[in-house]
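Novice: What follows is the residue order along each chain.
Protein chains: 2
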Amino acid sequence: MKEAFLKACRGIRTDYTPVWFMRQAGRYMPEYQKLRQKYDFLTMCKTPEIAAEVTLQPVKVLGVDAAILFSDILIPLEAMGLKIEFIDDKGPQVLPNIRTVADLEILGELNLEKIGFVFDAIRILINELNVPLIGFAASPFTLATYVIEGGSTKEFVNTKRFMFLEPEGFHKLMSLFTKATQKYLNEQIRAGVHAVQIFDTWAGILSPFDYESFVKPYVKRLIESLKTVPVIYFSSNTAGLINHLKELNADVLSIDWRIDIKDATDLLKNKPLQGNLDPLTLLGSDEELFKRVEKVLIGARGAKSHIFNLGHGVNINTSVDKLKKLVDFVHEFKFMED
Amino acid sequence: MKEAFLKACRGIRTDYTPVWFMRQAGRYMPEYQKLRQKYDFLTMCKTPEIAAEVTLQPVKVLGVDAAILFSDILIPLEAMGLKIEFIDDKGPQVLPNIRTVADLEILGELNLEKIGFVFDAIRILINELNVPLIGFAASPFTLATYVIEGGSTKEFVNTKRFMFLEPEGFHKLMSLFTKATQKYLNEQIRAGVHAVQIFDTWAGILSPFDYESFVKPYVKRLIESLKTVPVIYFSSNTAGLINHLKELNADVLSIDWRIDIKDATDLLKNKPLQGNLDPLTLLGSDEELFKRVEKVLIGARGAKSHIFNLGHGVNINTSVDKLKKLVDFVHEFKFMED
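Residue numbers (full-length UniProt numbering), protein chains in the order written: chain A, 1 to 338; chain B, 1 to 338.
Chain A extracted, bound-state conformation:
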């Protein structure tokens, strides 16, 4: 198995910078589209053979250094008694919604048997892959936002109303999701994933004070329960939270493009970093793209170690060829000697 990704997770510098992409399996790939014409998104997630096949596609086509399980962060909600739906162009929908402390009783304990397909897919994959497999889950907070809002939103009005009207109730919800996510990720680890990534996609909507009060303690508690494999903590829009991110016990911090990775390297001394190219640079010219890729690679040179990635998922309009060129560029990049 190729080792560069796991070494970098452990803070070890390797001959070349390992690279993978969030949402590297997905709609921008013709191979994926072909399957998607036959099955809807949830069926693909829930059929271990299909989920495994889709997970493998970008590994074969792009030559990335890690695979990430094809699934969705909302999947565990079904195992807690909620209903999830994916309607094209409308984004995910969750029902019913939890918006007050009284609604908390809607939420059942995580029943792993209901989502056995996730672990079955992992077991298929670890026999077929020549790169490490990353498992994942939403952070308790990001999961909470979906359950509270019921879908996509810009302002997160319901989430914050709950938080600021019933702070104790919100803490209870965070506790419940922390427990469920611990159970879910540990079962992925038992099934064989080599690393896990926690997606705190919406952490960046909060002030540092509210992140510290309502999110950080739960992320720390969650990560502490995942001792046996490296843990990557992904967040977005969190340049103002960097002092808090530093204090998380994550093995790797994955950052987005809204902060210069050189600045992040200076602020997050001694932390392995993942990131942080703007995914939409892949829609431009090669010249503009590689100028920015080089800036990321050189900027992260001072970090303990670096896993190249985007700051967010691959955009649907991305060309597979362009992404493959990017992988090759990162692998072949030679740093000037200091």
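Everything labelled a hint here was simulated from the structure, so no lab data went into it.
This structure is a prediction, so every number in the text was calculated from the model and none was measured.
Hints are not guaranteed to be accurate.
No copy is singled out in the list; a pair is fine if it fits within one copy or between any two copies.
Stated by the list, open to error - Calculated lysine to any residue pairs in the SDA-like style (CA-CA distance at most 20 angstroms, straight line):
| hint | residue 1 | residue 2 |
| --- | --- | --- |
| 1 | K154 | R27 |
| 2 | K262 | L289 |
| 3 | K179 | L107 |
| 4 | K172 | V101 |
| 5 | K262 | S213 |
| 6 | K271 | E224 |
| 7 | K154 | P92 |
| 8 | K34 | I316 |
| 9 | K246 | L267 |
Assemble the complex: chain A is given as a structure, and chain B must be docked to it using the hints.
Specialist: This is chain B only, laid out in the frame that chain A set:
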């Protein structure tokens, strides 16, 4: 005329902290709703007497220290030959869209005669107000995003595609909007506004490198042309751009809640600051609200001066009473002696 706001803009500390709110005139106010039932949004903007009346409403009801002209950042686009529409719940729409260098010819020079109502409203207001009047415009970049995207968007795919495919064309667009915005804001100043705020609402979608390349030089050029009144530069989601914000020649920097104002104070030494309460804290309990207000006031204590504001516009669900309580709290707040 009450002086606290303009003094704070000039970096002078006053007996109490001045306070106003972005979108303080608007749909959360019953007085506004009453007028809105009779006229559509654009008619309200385009009728000087109505725009003036709506501008005055929050000054009377809330007792804020500054008024901001009731208008919309897209208004100047109509004076450049484009069509704007406001459809309830759908957000603003702009047509036609400029997405390549070839489309640039769509854009006419700013014709001030077409938007004389803006300056007429200002002239009415300066005779009626007992607080300073703030004029405003979108930054050239934020204006560009609306013209490129045609409306609201999450990812700004078209904006970035243009930027990364035709960087020289994008620079041309930025030049055109800089020239138009200079002309527009200077005419507001001639009509009598006491300060101007530049809204760079979408600056935070860019990496520091792209902000520096495509936005910063134009903001600097724009601000240099506005010498006679204080200039407030508002941006959102820009904690990772703070080193660049520091180098803008704005009199005041308005920041959002995604950065601790204490951290911003340390990083932006000697700059007057405006902000930075999360507007949605106003939907919670008084206890949670005032805990956070106090944190902002104390956090900004080390800044050269401080204008209390939200990090974004007033949310439509906000209660007028709550906002009035907030104004009083800020005015009456006593700092502990060091």
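Novice: It remains to establish, for every hint, whether it holds in the given structure.
Specialist: Right, here's what the structure says about each hint:
1. In the homo-oligomer, the alpha carbons of K154 and R27 lie at most 20 angstroms apart only across protomers (18 angstroms), although the nearest pairing inside one protomer, at 23 angstroms, exceeds that limit.
2. In this assembly of identical chains, K262 and L289 lie within 20 angstroms of each other by CA distance solely inside one copy; the values are 18 angstroms within and 36 angstroms between copies.
3. Taking CA atoms no more than 20 angstroms apart as the test, K179 paired with L107 passes inside one copy only; the shortest distance there is 12 angstroms, against 56 angstroms between copies.
4. With identical chains, the CA atoms of K172 and V101 are at most 20 angstroms apart within one copy only, with a shortest distance of 8 angstroms there and 53 angstroms across copies.
5. Proximity of K262 to S213 under the C-alpha cut-off of 20 angstroms is restricted to the inter-copy arrangement: shortest distance 17 angstroms between copies versus 28 angstroms within a copy.
6. Taking the shortest Cα distances, K271 and E224 sit within 20 angstroms of each other inside one copy (17 angstroms), while across copies they are farther apart (41 angstroms).
7. Taking the shortest Cα distances, K154 and P92 sit within 20 angstroms of each other both inside one copy (14 angstroms) and across copies (15 angstroms).
8. Taking the closest pair of Cα atoms, K34 and I316 come within 20 angstroms of each other only inside a single copy of the chain (15 angstroms); across copies the shortest separation is 44 angstroms, beyond that limit.
9. Taking identical chains as interchangeable, the C-alpha atoms of K246 and L267 lie at most 20 angstroms apart whether they share a chain (8 angstroms) or sit on different chains (18 angstroms).
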